[in-house]
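Using the sequences and the hints, build the whole thing.
Just so you know, the protein sequences line up as chains A and B, in that order. Residue 1174 is where the first sequence starts when you use my numbering, and the numbers rise one by one after that. Residue 215 is where the second sequence starts when you use my numbering, and the numbers rise one by one after that.
Because the hints were derived from the structure by calculation, they are not lab data. Don't take every hint at face value.
Here are the computed distance ranges between Cβ atoms for each label pair [said to hold, decoys possible]:
| hint | chain 1 | residue 1 | chain 2 | residue 2 | range |
| --- | --- | --- | --- | --- | --- |
| 1 | B | 599 | A | 1675 | 23 to 29 Å |
| 2 | A | 1577 | B | 599 | 41 to 47 Å |
| 3 | B | 657 | A | 1675 | 42 to 48 Å |
Here a beta-carbon is modelled for each residue, glycine too, at the ideal position from N, C-alpha and C.
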Amino acid sequence: MAIPIIIMHSSILDQRNRNMKKTRYILFAVLAIFLMAATSACSSHKRPSGQIVTASSKPSIFPDYTDVTIPYNIAPLDFRVNGVDIDNCYASVKGDNGTLLEGFGKQFVRFDMKKWHSLLDGNKGKKLTVTVSSLKAGKWTTWAPFSLFVSADQIDSHLVYRLIEPGYEKWHIVGIYQRDLTSYDEKAIIRNDMVGYNCMNCHSFCMQNPDQMMFHMRATNGGTYIIDHNAIEKLDTKTDSTISNMTYPYWHPSGKYLTTSLNTIKQFFHSVTESKMEVFDTESDVIVYDIQKKQILKNASVITKDKFETFPSFSPDGKWLYYCVTDSCTMPDSYASIRYAIVRVPFDAATGTIHQPADTIVSNAVHSSSFPRISPDGRYLMYTRTAFGQFPIWHKDADLEMVRLSDGQQMDISTVNSNDTESYHSWSSNSHWVAFSSRRDNGLYTLVYFCHIDKDGRAGKPFMMPQRDPNSNDYKLYSYNIPELVKGKVKVSPYAIEQVAKKDKPDKVQFK
Amino acid sequence: MKRLYNDICLLALFFVGTFLFIRINFHFWYHFMEQYMMFQYTDDYFQELMKAPGGLSEYFTEYVSQLFYNDLGAPLVLAVLLTLMAGLFHRFLCYCGSKVAIWAAMIPAFLFWIFPVESVAFPVCIDIALALTLAGIVIRQKTSRSIYFLAIIIVSYLLFSPAQFLIALLWLLYEVLTEKGKGLRWIGVVGLILAFLVPLVAMRTFFIASMRDAFFTKNLYHPEYPLPKSLWLVVASFPVCALLAYAVRERVFLKNDMARMIVMDVLILGAMTYKITYTHHPLEQAYRYDYYARQNKWQAIVDHAEKHGIEDRDALIYLNLALSHTGQMNEKLFNFPQIGEIGFIPHDAKSRLALIEASEVAWQLGQTNSSQRFAFVGVLSSERRVQSRLMKRLVESYLVDGEYRAAGKYIKILESSHHYRNWAKQQEALLDSTVCARTKWVADKRRYLPITDNPIDLTISLPSGVAFLIDDHFDNRPAFEYGMAYLLVYKQLPAFMHYMGLMRDKGMTFPKLYQEAICLYFSAVHRDPAEMATFKLDQNLVYRFAMFMHSLSSLSPQEAAQQYGDTYYYYAQFNPGPKE
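Have a look at this one:
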C-alpha cells in the first residue's frame, strides 16, 4: 500500500511543481512584455548628446507653431519635425521665469499635458523659447530657437464643428462634434449614422453658450432643431410665404430670436481646372424668427425680389441686424460678377421689427463679402472677402477682413490670411480669439486655425488646432466646417437628439 | 481512427472546394472589393479602428484582405476561414457530446457559399467567436469557466463585436447540453443577457453609436443598407445544428461505417460540385473588366468580349472604354451591341461601379475635373471611405491640375498601404512642378485640358460635354471618337457630317466606319455628288456601298448580315438603334 501512496504523493507533487513552473513562465513572460514596452517607450526619450550640429535656421515643423501667440489654456502643441528619416526629436520649452518643459518623440515631439498646462499657467503674458533638436543617422542637429507668446487671454474651452468630406454633391458620414481645446478630447454631439445618414449643418450658439444651440437636418428626419439646455425642439420651417427652410442662422443675444437666411441654393461644376464648383443662390431672403412664439416676423424680415439677402447676424447688443445683400440677377449666368455688400438695419427686440433703409458697412464695389461676425465686445466686424459670390470655400482668393465699427477703419489682419482659402470664422466670448477654417495646408481639406486679436485689433500669427498626433491631419479625410467657439461643453445627449429626430413630428412655424 | 481520417479528408475537400468555388465564381468580385479596403500601416489607422466596437476584428479583417490583391488571395483566405469555421464548430459539437459527422458541422460554413459576403469581416468574427468559445469550454473548473466566459463576452464586444453574441449562445448551449454544465445553465442565461446588455452600456459610456452599429458594428455589412436576412440565417444555423446534432446523437442512420462515409462524401462532393458549376455572379463580366481596366489590360477586355459577348451594360461601358484605349473604336464599335449613351458612360453615376466607370471615361476623354469629381465621390461614398484605385486617380488628376499639395495628401495615404506604396513613392517625384511638367503622361493630359468652361455633367449629357471637348481640342482623339460614336449609334448623320467637314478641311483621313457613314449620308440624307467627292473616299468602300443599296431589296436578312454585317450602313438599316 505504501508504494502506491508514495507514487500518488509524488505524482501530486509533480503536478504541483509543473503548475508552479507554468505560473513562473507566465509571470516571466508578462514581465518581459512589460519591460519591452517600457524600454520601447523610453527609447524615444532621447536628449541631444555627442557632437551636435547647430543650424542657423529655425526648424521646419508641422504644424507651423513658430512665433505664434497661443492662449494659456490650449492643449499641448505637439508637432512633427519635417524631414526624411528623422529618428528622434527633442524640444525644450523655456519660460521667461526659467521653467523648463521637455518634449520627446520619434516622429514627432510630444509634451506631457499636465506639465504643459503648468508651464503655460506660469507664463501668462510672457514668451516661451522653444529649441528643437532632431536626430538623423546618428547625428543631432539643434535648430535656431523660436518663440511662443502665451497670451493672458484665455480661449473658450470648446470648439464645435462639423466634420464632412470636402465638397461635391454627396456626403457619407457627417457629424457635429465638440472638441475640448484644453485637451484632445473630441466627442460627437450628433452624427448622421444615428439618424439615417442625412445631412446636418449650420450649427449655431447663442453668445457662445453651449446650452443654447440650433442646427438643421436635411433629408431623412429633416427639420431645424433648437436646443435649450435639455429641451429639444424640432421645427418645420418652410411656410407658404417663404422660399425655403431656414438656412444660415444667427442668434439674437437675448436668446429670444433667431435670424436666418432663406436660400434657394444651386450648384454647378466647372470643366476648367482653375475652378471646381460654384454654389450660388437663385433667390435669398433674410428673416427673423421668434423662438417662443414660433413665428417668422414679417416686420423684421427682409424679403424682396429685387435683391438677394443672406448671411444675417446680430450685433452683440442685439440692436442691429447685419446681413449681406446684392441686386438680384439671373443665375448662374452672372455667377462671376455677383458681389455682396454688408449692410445693417436697426432691430427693435421689444417689438420684433427692423427699420429700413440699411446702412452699408462694407461696400461691394470691388469685392464680395460674406459671414459678417461682430466681436462680442461690439468693436470689430470680421467677414470673408472674395472676388465674387457668397460661397467662398471654393474660392482660393477668399480672405478674412476686419473693420473697426467705431470709425469704419479697415484693420490690417493680413497675417491671418494665406494664398489659399480662409473662410468661416467665429469669435471667442472675450473677443480676443478667432477660430477660422483654412485650406492653406493642401488646398482641399479645411482645417481649423486660431488667431489672437489684441486690444488694438492687431492679429497674431495663426496656429493650427493642436492634435495629439500631428500626422493625423495628413490621413484625415474630413474637413472642419463652421468652427464655433463655445464657453463650455455641450451637454445635450446625442441619443436625446436621435430620439427627437426619429420620433417627434416637427412643429410647423408660422409666418406672421 | 478511420473516422478521424475521414473527417480530415472531408475538411480538406471542403477547403479545396471553397478555394475552387471562390476562384471560379467570385474571383473578380473579390478583386473589385479589394479596392474598398486599404489597410494602413500607421498608428493613427489602428487607433481609429479601435475607437469603435469590433475594432480589432476589423483590423484583422482588413489585414488579411490585402491578400485579395493577389489572384489566389481571396480564395485562399475564404477557404481557410470557412474550413476553420467548420473544424472549430465540429470540435464544439464534439465537446457537446454529439458524435456528429463533419459534414453537419460544415453547414454554417457552407451557408457562405449560398450567401457570399463582400468582406471577410463576418467569417472572421465567427471564427474568433468559435475559438474563444472552445478556449473556454476546455476549462473544467466551473467557476473559472464562468468567469472566463463572462469576461470574454465583455472583452469580445470591445474587440471583436458582434462575436460576443455567438460566444454567449454557444456557451449556453454547452452548459445546457452537457453534464459538465449542470448548475451553470442559469449562468449561461446571464451570459446571453450580458451579451445584449454590454452594447447598451457601451453606447452610454465608451462609444456614441446608433443602435445598429452598437450591436452589429459598421463592418459586417454596408451600414447604410438593411442587414441581410442571411446574417440571421448564418447565426441561427449554429444553435440549430448543435441542437439537431445533439438530438440525433444516439441514432445510427447507417450501420455500415464504410457506407456511411461514402454517402457523406458523395453528398458533400455533390453539393459542392453543384454550387461550383452552377453559381454565376450576374456582374462577373463587369467585375472582370474592371479588374483588367485597373491593370491597364485593355486589349484583354476586347479579346474577352469578342470571345464571350457582352452580358450587361457595365461590361459594355468598359468595352467601349477599352476600344478607345486601344484605338479600335472606329473599327469594332458596331461589332458589339450598342445601347446608346448609357453604354458609353453611366447615367447620373451613383453606384460603386458607376462612379468608377464615370471617372475612367471622363479621364479618357480629358475631362479631368469630372474624373476627379467622380473619383472623389467614389472614395467618400465607399463603406470604409477608402477606394484605392480612385485615390490613385485623384493623385493623377491633382498632378495634372497642378494641385501638388492635394496630390501629396493622397500620396501620403497611399504610401501607408502595402500595395500602393511603391506606386505612391514614384509619384512623389512629380510633386516637383518642373518634373511633373516634363513627365509625358502629365504633359499629354495637360495638352487636352478643357479651355471653355461649361457646367455640363458628362453623365447627364454626354454629347454636349464631349462637344465642348472637341471644340476645344479637335485632335482630342478619345473625345472625338466618343462623340462620333454617339452620333453614329443614334444615327444623327447631319451632326456627324459637321465634324466630317472639319476633318476634311484639316486634311485628315477617314476611318472605314466614317466613310461608310458618309456614303450613307450622301445617299439617304443629302444627295450631292460634288460635295461627296470632296471627301475623297476609298472607291472600294463606295462601290461596296453602292452594291449594298442596289441589292438591298433582294437580300434576305441573313444574306445581308453575312455580306454587309460589318458595315455601318447595315447597322443603320437593320438595327433600330437606341431611343434618345
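Check your understanding: Holds or violated: 23 to 29 Å for the Cβ distance of residue 599 (chain B) and residue 1675 (chain A)?
Key -> Because 24 Å falls inside the window, the suggested range holds.
Practice item. Starting from the hint 42 to 48 Å, judge whether the C-beta atoms of residue 657 (chain B) and residue 1675 (chain A) obey it. Key: About 54 Å separates the Cβ atoms of residue 657 (chain B) and residue 1675 (chain A), which means 42 to 48 Å is violated.
Exercise for review: For residue 1577 (chain A) and residue 599 (chain B), compare the CB-CB distance with the range 41 to 47 Å and indicate the outcome.
Suggested key: Cβ of residue 1577 (chain A) to Cβ of residue 599 (chain B): about 44 Å, so the range 41 to 47 Å holds.
This entry does not satisfy hint 3, going by the numbered hints stated previously; all others are met.
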